[in-house]
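Whenever a hint applies, use it, and build me the whole structure from the sequences.
Protein chains: 2
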Amino acid sequence: MALDRDEISERVLEIAEALISEGGAANLKARSIAKQAEIAVGSIYNLFGDLDQLHGQVNMRLLDRLADAGAVAIAEQNKKGVTDTRLRLFSLAGAYLSFVQKHPASWAALLAFNPRKMAVDRQLAYESRLDTLFEIIAAVLAEDKTLKLDEQLLRLTARTLWSSVHGIVTNGAGRRQQERQGDGVWDQIDLLVTTFLKGIDRG
Amino acid sequence: MALDRDEISERVLEIAEALISEGGAANLKARSIAKQAEIAVGSIYNLFGDLDQLHGQVNMRLLDRLADAGAVAIAEQNKKGVTDTRLRLFSLAGAYLSFVQKHPASWAALLAFNPRKMAVDRQLAYESRLDTLFEIIAAVLAEDKTLKLDEQLLRLTARTLWSSVHGIVTNGAGRRQQERQGDGVWDQIDLLVTTFLKGIDRG
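Chains as they are written, first to last, in this note's numbering: chain A, 6 to 208; chain B, 6 to 208.
Source of the hints: derived by calculation from the structure; they are not laboratory data. Even for Gly, the Cβ is constructed at its ideal location relative to N, Cα and C. Misleading hints may appear alongside valid ones.
In silico lysine to any residue, SDA-like type, Cα no more than 20 Å apart, as pairs [unchecked claim]:
no.: 1; chain 1: B; residue 1: 203; chain 2: A; residue 2: 34
no.: 2; chain 1: A; residue 1: 122; chain 2: A; residue 2: 54
no.: 3; chain 1: B; residue 1: 122; chain 2: B; residue 2: 66
no.: 4; chain 1: B; residue 1: 107; chain 2: B; residue 2: 203
no.: 5; chain 1: A; residue 1: 34; chain 2: B; residue 2: 31
no.: 6; chain 1: A; residue 1: 153; chain 2: B; residue 2: 200
Pulled from the structure, derived: some chain B residues nowhere near chain A, Cβ distances all over 12 Å [to be verified]:
no.: 7; residue: 51
no.: 8; residue: 84
no.: 9; residue: 95
no.: 10; residue: 103
no.: 11; residue: 106
no.: 12; residue: 126
Covered, in the sense of this in silico footprint (three residues per stretch, anywhere, with C-beta under 8 Å from a C-beta of chain A), are these stretches of chain B [claimed, not checked]:
no.: 13; stretch: 161-167
no.: 14; stretch: 192-199
Right under this line is the structure:
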């Protein structure tokens, strides 16, 4: 029985995801996909336009999974009754760190990917995926009534914490010496979140 | 007059740097270098081992230039008599932001580069270049006697600030919408540095 268009797209996406996960963007080749999916090379272009569009869609799936991981981390904290903002932010940072460690090649490929290569409507969908990530952090900050952040400052704070943790996680990858010296990824995340929360003007 | 080994190495490095600057690591091809340097392809391998070693050496030059830019930024603050830690850290962050904007492809290639591809002695030289960058920040923090950071905490704080600013700078690249909404790169750097400094325990 022949697969329909949606089923083939799904299959191509799964293969593309596996290829990027194995060898980064350089490993995403139309010929490899066509062979594994048992379709013609031309079908890939018919379905996705070009390989950049396909990579963009793989990235959107990754971003969805990361958002899910964040939501799970917060749900677990809620279940345990953890209301401390610092601990809730640690759990989000931990979810991000695990995610990056689990998908090193795909995540590096996502970071190197230029969303402007995608069709315009896709770019908006892509940015909205990123916004979802900020919103998870913003929600944690908003629930802490001692912080008294207005909407603008809430958004800026969420983005700043996200970017900072992102910098710590991606910078620290593979520097074993730091971990030994006590200034590894977790030491930095702890210092950042703890000091930043202390420094927020609660006036 | 024939060039000596050092002169040819220098020339190859300059060409390699220009190639990476134009098109990232994918643009670093032995054939292109050989043609421009008017040498045999084999000479490149004789001089550098392989293209990863060559890329590593280009990266070390970039790191040296970034360290120079940081030193210049601090020297300018000293000349102006600026002793405020927040302003001095802003000037370092500004130097980093300008540097990344000036070398987008080379910097992306450096970040994607795995130093473990280099010969072991080179890896150490590479890491010591990175340490120089942290030391510039650590020196600014050490000069602020109100902070009272011991050596371990000084190093951890320098790394944390560096990684965080790095995350903000690299995450924010190309997201114009954020700048309009007031949560762009500079807004984040300002909030990070200001809030973090306030949060440091001066007990």
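Please count how many residues of the stretch 161-167 of chain B have a CB within 8 Å of a CB from chain A and say whether that reaches 3. holds (count 5)
Starting from residue 122 of chain B, check that the Cα of residue 66 of chain B is at most 20 Å away, please. Holds, because 17 Å separates the two Cα atoms, which is no more than 20 Å.
Interface-negative label, residue 51 of chain B against chain A, beta-carbon threshold 12 Å: holds (27 Å)
Consistency of the no-contact label for residue 95 of chain B, given chain A and a CB cut of 12 Å: holds (14 Å)
Establish whether the coverage given for the stretch 192-199 of chain B by chain A is satisfied; the threshold is a Cβ-Cβ distance below 8 Å, and no fewer than three residues must meet it. holds (count 5)
Taking 12 Å as the cut and beta carbons as the points, is residue 106 of chain B off the interface with chain A? Given that every Cβ of chain A is farther than 12 Å from that of residue 106 of chain B, nearest at about 15 Å, it holds.
Are all beta-carbon distances from residue 103 of chain B to chain A longer than 12 Å? holds (17 Å)
Hinted pair residue 153 of chain A and residue 200 of chain B, Cα distance within 20 Å: Since the Cα atoms of residue 153 of chain A and residue 200 of chain B sit roughly 15 Å apart, the hinted pair holds (cutoff 20 Å).
Beyond 12 Å from each Cβ of chain A, as asserted for residue 84 of chain B: holds (29 Å)
Would you check the hint for residue 107 of chain B and residue 203 of chain B, treating anything up to 20 Å between C-alpha atoms as holding? Given pair residue 107 of chain B, residue 203 of chain B is violated - Cα atoms ~32 Å apart, limit 20 Å.
Verify the proposed pairing of residue 203 of chain B with residue 34 of chain A, using a straight-line Cα cut of 20 Å. Status violated; Cα separation ~50 Å.
The output says residue 126 of chain B does not contact chain A. Does that hold with a beta carbon cutoff of 12 Å? Given a closest Cβ separation of 15 Å, the condition holds.
Violation of the numbered hints given earlier is confined to hints 1 and 4; the remaining hints are satisfied by the structure.
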